[in-house]
Amino acid sequence: MKIMNKTWLVAKETYRREVKNWSFLLMIFAPFIVLVISFFFGMSSSSAFDDNTKVGIVSQNENLLQPLKKTKDFDMYKDKVKAEKAYQAGDINGYIVVKNNSTQLGATYYGSEGLDGDLKDELMRVLNTQQQVLNLKNAKLNNQQLKSLSQKVKFTEKTNSKKLGASDEKNLKTATFWILIFVLYFLVQTYSTIMAQDIASEKGTKIMEMIFSSMPGGNYFDGKVLGIFMEILTQLLIYALMFSGFYYLAPQITGVKETFAQVKPAIDQVLGQIISWGLVFIVLGLILYIVYAAVCGAIVTKAEDTNKAVQPLVYLTLLGLFSSMSLSNNPDSIFVIIMSYVPFLSSFLMPLRLIKGNATNLEAEISMLILVIFLVGSIWWIRKIYPSLILQTDDNGMWKNMKRALQGIKE
1 MKIMNKTWLV AKETYRREVK NWSFLLMIFA PFIVLVISFF FGMSSSSAFD DNTKVGIVSQ
61 NENLLQPLKK TKDFDMYKDK VKAEKAYQAG DINGYIVVKN NSTQLGATYY GSEGLDGDLK
121 DELMRVLNTQ QQVLNLKNAK LNNQQLKSLS QKVKFTEKTN SKKLGASDEK NLKTATFWIL
181 IFVLYFLVQT YSTIMAQDIA SEKGTKIMEM IFSSMPGGNY FDGKVLGIFM EILTQLLIYA
241 LMFSGFYYLA PQITGVKETF AQVKPAIDQV LGQIISWGLV FIVLGLILYI VYAAVCGAIV
301 TKAEDTNKAV QPLVYLTLLG LFSSMSLSNN PDSIFVIIMS YVPFLSSFLM PLRLIKGNAT
361 NLEAEISMLI LVIFLVGSIW WIRKIYPSLI LQTDDNGMWK NMKRALQGIK E
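Residue numbers (the working numbering): 1 to 411.
Quick caveat, the hints were computed from the structure, so don't treat them as lab data.
Check each hint, because a few of them may be wrong.
[Unchecked claim] What follows is a set of in silico ranges between Cβ atoms, one per label pair, in the way DEER data are often shown:
| # | residue 1 | residue 2 | range |
| --- | --- | --- | --- |
| 1 | 27 | 283 | 18 to 28 angstroms |
| 2 | 378 | 171 | 29 to 39 angstroms |
| 3 | 283 | 36 | 22 to 32 angstroms |
| 4 | 252 | 202 | 47 to 57 angstroms |
| 5 | 112 | 233 | 51 to 61 angstroms |
| 6 | 112 | 179 | 46 to 56 angstroms |
| 7 | 325 | 89 | 52 to 62 angstroms |
| 8 | 325 | 112 | 42 to 52 angstroms |
Just so you know, these numbers come straight off a predicted model, no measurement behind them.
Don't be surprised by glycine CBs; every beta carbon is placed ideally from N, CA and C.
Produce the entire structure from the sequences given, and follow the hints as far as they go.
As structure tokens, then:
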């Protein structure tokens with residue numbers, strides 16, 4: 001129990017030190033800051049563009065002006081002189097003079113360029129509505145005739161709530177898997193370096209000798225890995241909360257709700273596909289990469305060499321990423337099939353083979369079993385050599401340090 005408590009203390013201290021670092025906060029919020037700045041810049045640019053494309057309306061007809069006042073595209077003027085003055089001052093792009101007699105409306109546009117197509121459609125819709133009112137008034141129809149003319153088309157929707165077709169479901173699973181793959185790639189690229197640097201910063205210090213005299217080195221290793229995973233979970237939880245907030249607030253945000261309404265069905269379907277073989281392989285793969293990142297940090301002599309030490313892990317993630325991309329063009333490749341059973345790469349390849357129909361559930365289970373056995377064996381092995389690696393201070397190079405640690409185990 002005491003050892004477990006010490007392991008937990010190591011985990012908490014590692015977690016506390018990492019999340020209080022400014023680099024962690026920057027890593028969390030930098031993407032959102034960029035998105036927010038881009039959004040508001042786009043909104044301001046759009047607003048400026050809208051202001052520069054406003055058109056004046058000159059009319060005394062309140063029935064015509066009322067619906068146009070609800071938009072931001074038109075400015076209302078009581079007479080042509082004021083509209084012309086605003087046009088010359090650059091406040092509007094042009095102006096429209098609307099005249100009406102007892103039988104027909106007439107509209108004349110004044111400007112240096114033709115009227116924007118969308119504005120013209122919007123204006124003509126309002127003008128045609130008012131012209132229709134004028135036509136009915138001049139026709140002097142009785143109530144029964146007016147009722148007949150006001151008949152509208154009866155439109156009924158009958159939807160078929162069938163399941164997604166095989167092709168649609170495959171595309172949806174593929175999209176979800178690629179999201180998970182890029183999450184894995186991002187987390188490995190980020191946290192393998194963080195893990196290695198955290199380990200390397202403690203290597204060869206007197207305090208490590210004192211710690212290992214009071215608790216097993218393997219348990220200290222467990223605490224370090226657990227602390228880093230707590231940091232990863234914190235980042236993912238923050239992103240999940242931010243996404244949830246956006247998901248529920250977007251329908252109420254003007255300028256966003258229309259676009260969000262279009263993509264919401266796709267988002268809902270992707271979320272429904274998250275729990276899958278892909279998620280299991282991604283989680284196991286992430287644990288494996290982080291565990292070996294700890295080894296990379298432990299075999300260096302100087303903390304500044306950690307970036308070199310984690311390069312093999314970086315190359316493995318790139319190999320897995322590019323191999324999964326090539327699977328789309330050559331799904332029957334013998335290289336891809338073999339690599340889908342290899343730890344470090346199976347997390348990238350086996351789930352995609354399942355989606356493409358090139359692997360069965362049995363093959364996925366075998367691949368996952370190999371990955372789990374390799375992961376458990378790796379953790380057992382690393383826990384054994386970890387104290388020897390950490391306490392080495394000689395500048396013999398990474399591989400010689402690893403060799404000496406292995407010799408220490410044999411002895």
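Checked hints:
1. 27 to 283: 18 to 28 angstroms: holds, 21 angstroms
2. 378 to 171: 29 to 39 angstroms: Holds, since residue 378 and residue 171 (Cβ atoms, about 35 angstroms apart) stay within the stated range.
3. 283 to 36: 22 to 32 angstroms: holds, 30 angstroms
4. 252 to 202: 47 to 57 angstroms: holds, 49 angstroms
5. 112 to 233: 51 to 61 angstroms: holds, 60 angstroms
6. 112 to 179: 46 to 56 angstroms: holds, 48 angstroms
7. 325 to 89: 52 to 62 angstroms: Between residue 325 and residue 89, where Cβ atoms are some 56 angstroms apart, the hint holds.
8. 325 to 112: 42 to 52 angstroms: Taking Cβ atoms as reference, residue 325 and residue 112 lie about 51 angstroms apart, which means the hint holds.
The structure shown violates none of the earlier numbered hints.
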